[in-house]
Amino acid sequence: MTSTKKDPVLVVLQLAGGNDALNTVVPYGNPKYFDHRNNVVVSEDQVLPINDQIGFNPNMEPMKKLYDEGHMAIVQGVGYPTGSRSHFRSMDIWHTCEPTKIGEEGWLGRVVRDLDPKSENVLTAVNFGRGLPRALVAPGVPAASVGDLETYGVLTGIDDADQRLKALDVFSKVYTPMIGQGAVNDYLAHTGLDALKGADILSSAPGMYSSTVEYGSDTVSQYMRNIVQTHLAGFGTRVLYTTAPFNSFDTHAGQLAAHTRLWSETSRAVGDFYDDLQEHNAGQDVLLLVFTEFGRRVKDNGSGTDHGAGGHCFIIGEQVKGGLYGEYPSLDADKLDDGDLQFNTDFRSVYSTILDKWMGLDAKPIVGGEFEQLSFV
Amino acid sequence: MSEQDISSIAHLMRRAGFGAPLEELEARAAKGYDATVDELLDPESQPPMERDIMMRYKTDWLSQAGLEGQQEEWTFRMINSKRPLQEKIALFWHCVLVTGHAKCEYPKQQSMELDMFRTTGMNSFHDLLKGLAKDPAMVFYLDNCMSHAGAINENWGRELLELFSLGVGMDGEFNYSEDDVKAAARAFTGWTVTNSIPRYPYGKYDAKFMYDPRDHDNDEKTFLGETGNFNGEDIVDIIVRQPATARFVARHLYNFFVADDVQVPAWKDTPPQDIEAIKQLEEEYFRSNYNITAMLRVLFKSDWFKNATFSKVKSPAETVIGTLKLVGDYKFPRPGLDMMTMNIRFMGQDLLNPPTVEGWHTGREWIDSGTLVERINFTADQVGNTNHTGVKDIINRLSKVGPLLTAEQLVDGCLENLGAYRLADETRNQLVALANDEGELRSDGDDFPTRVATMLQSIVATTEYLFA
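Protein sequence lines correspond, in order, to chains A and B. Residue numbering for the first sequence follows the numbering used here, beginning at 1 and increasing consecutively. Residue numbering for the second sequence follows the numbering used here, beginning at 1 and increasing consecutively.
Just so you know, the hints here were simulated from the structure itself, not pulled from any lab data. Among the clues, some could well be false.
So these bits of chain A aren't anywhere near chain B, every CB distance computed over 12 Å [unchecked claim]:
no.: 1; residue: Asp-114
no.: 2; residue: Asn-127
no.: 3; residue: Gly-207
no.: 4; residue: Glu-265
When the alpha-carbon atoms are kept at most 20 Å apart in a straight line, the in silico SDA-like pairs for lysine to any residue are as follows [as the list claims (entries may be wrong)]:
no.: 5; chain 1: A; residue 1: Lys-173; chain 2: B; residue 2: Arg-428
no.: 6; chain 1: A; residue 1: Lys-173; chain 2: B; residue 2: Gln-430
no.: 7; chain 1: B; residue 1: Lys-130; chain 2: B; residue 2: Cys-95
no.: 8; chain 1: A; residue 1: Lys-65; chain 2: A; residue 2: Gly-207
no.: 9; chain 1: A; residue 1: Lys-166; chain 2: B; residue 2: Asp-381
no.: 10; chain 1: A; residue 1: Lys-101; chain 2: B; residue 2: Asp-446
no.: 11; chain 1: B; residue 1: Lys-31; chain 2: B; residue 2: Glu-50
no.: 12; chain 1: A; residue 1: Lys-173; chain 2: B; residue 2: Glu-438
no.: 13; chain 1: B; residue 1: Lys-301; chain 2: B; residue 2: Gly-32
no.: 14; chain 1: B; residue 1: Lys-301; chain 2: B; residue 2: Gln-4
no.: 15; chain 1: B; residue 1: Lys-182; chain 2: B; residue 2: Cys-95
no.: 16; chain 1: A; residue 1: Lys-118; chain 2: B; residue 2: Glu-426
no.: 17; chain 1: B; residue 1: Lys-103; chain 2: A; residue 2: Glu-265
no.: 18; chain 1: A; residue 1: Lys-101; chain 2: B; residue 2: Glu-426
no.: 19; chain 1: A; residue 1: Lys-166; chain 2: B; residue 2: Pro-449
no.: 20; chain 1: A; residue 1: Lys-166; chain 2: B; residue 2: Glu-105
no.: 21; chain 1: A; residue 1: Lys-101; chain 2: B; residue 2: Glu-154
no.: 22; chain 1: B; residue 1: Lys-103; chain 2: A; residue 2: Val-377
no.: 23; chain 1: A; residue 1: Lys-65; chain 2: A; residue 2: Asp-275
no.: 24; chain 1: A; residue 1: Lys-173; chain 2: B; residue 2: Glu-408
no.: 25; chain 1: B; residue 1: Lys-400; chain 2: B; residue 2: Gly-445
no.: 26; chain 1: A; residue 1: Lys-101; chain 2: B; residue 2: Met-146
no.: 27; chain 1: A; residue 1: Lys-64; chain 2: A; residue 2: Val-377
no.: 28; chain 1: A; residue 1: Lys-101; chain 2: B; residue 2: Pro-449
no.: 29; chain 1: A; residue 1: Lys-173; chain 2: B; residue 2: Glu-426
no.: 30; chain 1: A; residue 1: Lys-65; chain 2: A; residue 2: Glu-265
Computed from a predicted structure; not experimentally measured. Backbone N, C-alpha and C fix where the C-beta goes; we use that ideal spot for every residue, glycine too.
Working from the sequences, and respecting the hints, build out all of it.
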């Protein structure tokens with residue numbers, strides 16, 4: 001078994017905007033839930049029960065299936081001290097592991113540096129979406145960011161294929177490092193060749209892929225498919241990242257309809273992702289972390305919910321020990337933190353567990369301290 | 001008008017603004033280099049942005065309630081302002097005197113801060129620092145509203161010294177001690193902001209600076225060797241007199257406008273690359289009573305500036321704005337500018353939301369394999385679009401060179417139109433070979449526009465074009 005074991009791979013799906021914890025894993029057994037939620041509420045008969053206290057949002061059938069099969073851990077009540085209710089600040093904190101000051105490096109940037117200290121593989125980390133999330137940013141650490149895998153490349157704006165090939169040939173010559181051109185130009189030349197190489201390699205992924213799984217047409221589904229394609233292509237990519245479209249989970253108004261669509265799409269994307277890996281017998285080495293920057297207010301605002309604290313994380317994979325971790329935060333008035341759920345598990349515990357037990361890295365310098373290890377891996 | 005004149009003006013406009021199409025460069029060169037410098041340094045001599053037009057088409061710009069809208073509005077200003085240096089100096093100070101959206105109670109406060117940089121950013125550094133210390137966005141960003149007599153929060157006091165004025169050190173020596181940080185923080189106790197009360201769903205009321213004498217530490221303080229019952233203004237008064245502050249301002253101006261320097265944290269131990277230039281700027285700082293316009297006049301008219309062509313890696317903002325100006329797009333606020341603006345973020349510079357209080361690392365650190373692909377593809381897509389008026393102009397100009405263009409004429413003509421760019425001989429030879437490979441180039445040929453556009457695309461993909 002050990003001889004065929006491949007390097008562990010981490011996939012991260014970020015639910016940008018602050019997913020409503022209460023209507024995702026619904027505490028339907030607690031009457032206080034119905035007291036707080038007059039309008040933005042999931043009724044008891046709709047819930048997909050986990051036990052007699054909590055259950056999934058009715059639109060999460062595919063994820064419920066993964067949970068029932070024991071491949072999904074739910075970490076309840078995740079957060080950090082002195083929670084920030086700003087999207088940017090809170091996302092920053094999750095990305096840099098620095099709750100009290102403005103952080104400099106992303107935690108996954110540090111992971112990539114540990115995995116590939118000499119930057120030998122330009123594709124150790126790949127983000128799907130435009131622009132790098134701060135989690136992947138660290139000085140000197142390359143990470144590819146792919147808007148559209150099918151068309152990814154350098155100088156894609158030259159329409160004529162033959163012209164483009166010639167221009168790329170010139171590009172590779174122009175970016176060839178020359179002796180005596182100075183450190184900056186040397187760096188730029190290497191980076192140019194890296195970019196070209198990375199794009200060449202990545203764009204070959206869809207061509208090598210075939211699958212019977214049919215993904216949805218939403219962005220998360222497409223990127224989850226791209227992640228599988230990239231993983232299956234065997235480029236040595238260890239960290240893959242994608243984000244639900246800009247702040248889509250920020251459901252201040254019209255939440256019930258929006259949340260229904262979001263979770264139908266996202267849950268299906270996660271289920272398809274899992275099935276696709278299974279179909280290719282490639283799920284053994286992959287762990288998926290699903291997180292959001294904060295939960296939402298316990299009390300609804302009539303049609304939606306405002307920014308809150310304490311949320312849930314999901315960890316999904318063949319090797320994951322499924323089940324419930326942490327405690328469901330109390331809904332008692334005296335246990336609320338200024339109208340929000342109190343967190344009981346620090347998000348850095350989740351990271352530490354993944355880093356230590358899954359990636360085989362020393363978590364302490366990456367998350368900035370010692371945190372309790374959970375047992376989902 | 002000589003080739004040299006165009007090249008000097010192109011260089012000046014890239015640094016003191018965001019570049020310009022050849023037609024504008026020629027007009028400015030006709031007026032002369034020094035006259036252009038003087039005009040740039042006197043923004044009030046040019047008309048302001050037509051705010052009513054902007055707001056009529058983009059009502060969301062009025063509320064300034066979200067990061068993307070703010071970025072879009074600023075992008076529009078940078079493309080279209082008749083006062084390019086005013087927008088450039090706002091960008092400069094935003095990169096030095098940093099606040100960030102990630103820690104901003106109400107986004108509009110950052111737009112108000114930018115306005116302060118526009119209106120006072122070329123005046124006295126002394127006044128600018130005093131304004132900054134009372135700027136609600138800054139007071140909140142660096143927690144001075146959380147600093148109280150008897151319970152100081154050092155955040156503002158520290159960054160004021162380390163990142164906004166003295167710098168950690170110079171010539172190998174430290175510029176201040178931990179005790180100075182504490183004294184500065186104590187002097188600024190009581191400098192706070194009023195609550196920015198929500199008026200949901202229409203954003204918030206503006207927070208205002210407020211001095212609360214009851215929360216001010218009235219005891220004696222010793223700061224940089226001087227002792228007294230200092231308040232915040234006294235600290236700024238002492239700061240601006242320091243040689244270290246002259247060095248700090250000079251070196252930042254040099255790094256932003258002249259040539260890439262090492263990153264700021266290395267300034268204590270790494271001397272400036274051109275100490276003579278820095279000394280001239282330092283002298284002008286004191287001579288002019290800390291006046292930024294006076295320092296910039298010395299800078300732009302110096303030989304060391306004029307000789308420093310293509311010695312800075314363009315920032316993402318410079319890349320995107322420069323390209324859009326060149327191709328002549330978004331002269332009017334039409335839909336799509338929001339997505340266009342996002343390219344600045346994709347290239348690694350999320351305006352108004354810098355990664356840390358240090359701002360962005362500059363120079364070659366703008367470039368990694370991800371941001372390079374974004375940069376090249378964005379620029380190549382724009383200059384390759386033959387529907388853009390600016391690209392049509394270039395094609396039209398080149399068609400007048402003659403009925404038949406040699407490969408050299410095509411390459412050099414494109415370079416001139418991109419702003420008198422220069423390529424290494426090796427690179428130029430490659431591009432000439434590429435042009436030759438396509439055969440005879442007739443200016444009345446059907447393929448002429450495409451061939452020009454493809455050459456422009458190949459040029460903007462070179463390492464040389466990463467520089468300004």
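For a C-alpha distance cap of 20 Å, please report whether B/Lys-301 and B/Gln-4 respect it. Roughly 15 Å between the alpha carbons, so the hint for B/Lys-301 and B/Gln-4 holds.
Restraint status (C-alpha distance of B/Lys-103 to A/Glu-265 at most 20 Å): Outside the cut-off at roughly 32 Å; violated.
Tell me if the straight-line CA distance from B/Lys-103 to A/Val-377 falls inside 20 Å. violated, 35 Å
Just double-check A/Gly-207 for me: nearest Cβ-Cβ distance to chain B has to come out over 12 Å. Given a closest Cβ separation of 19 Å, the condition holds.
Are the Cα positions of A/Lys-166 and B/Glu-105 separated by 20 Å at most? violated, 51 Å
Distance restraint between A/Lys-166 and B/Asp-381, which requires alpha-carbon spacing of 20 Å or less: Since the Cα atoms of A/Lys-166 and B/Asp-381 sit roughly 17 Å apart, the hinted pair holds (cutoff 20 Å).
Regarding the pair B/Lys-400 and B/Gly-445, is the alpha-carbon distance no greater than 20 Å? holds, 13 Å
For A/Lys-64 and A/Val-377, compute the direct alpha-carbon distance and say whether it is at most 20 Å. holds, 19 Å
Are the Cα atoms of A/Lys-173 and B/Gln-430 separated by 20 Å or less? holds, 8 Å
A/Asn-127 remote from chain B - nearest C-beta pair above 12 Å: Violated, because the least Cβ-Cβ distance between A/Asn-127 and chain B comes to about 8 Å, which does not exceed 12 Å.
Hey, A/Lys-173 versus B/Glu-438, does the alpha-carbon distance stay inside 20 Å? With Cα atoms ~18 Å apart, A/Lys-173 and B/Glu-438 stay inside 20 Å; holds.
Sort out whether A/Asp-275 lies within 20 Å of A/Lys-65, counting only the CA atoms. holds, 11 Å
In this structure, the hints that do not hold are numbers 2, 8, 10, 11, 15, 16, 17, 18, 20, 22 and 28, in rising order.
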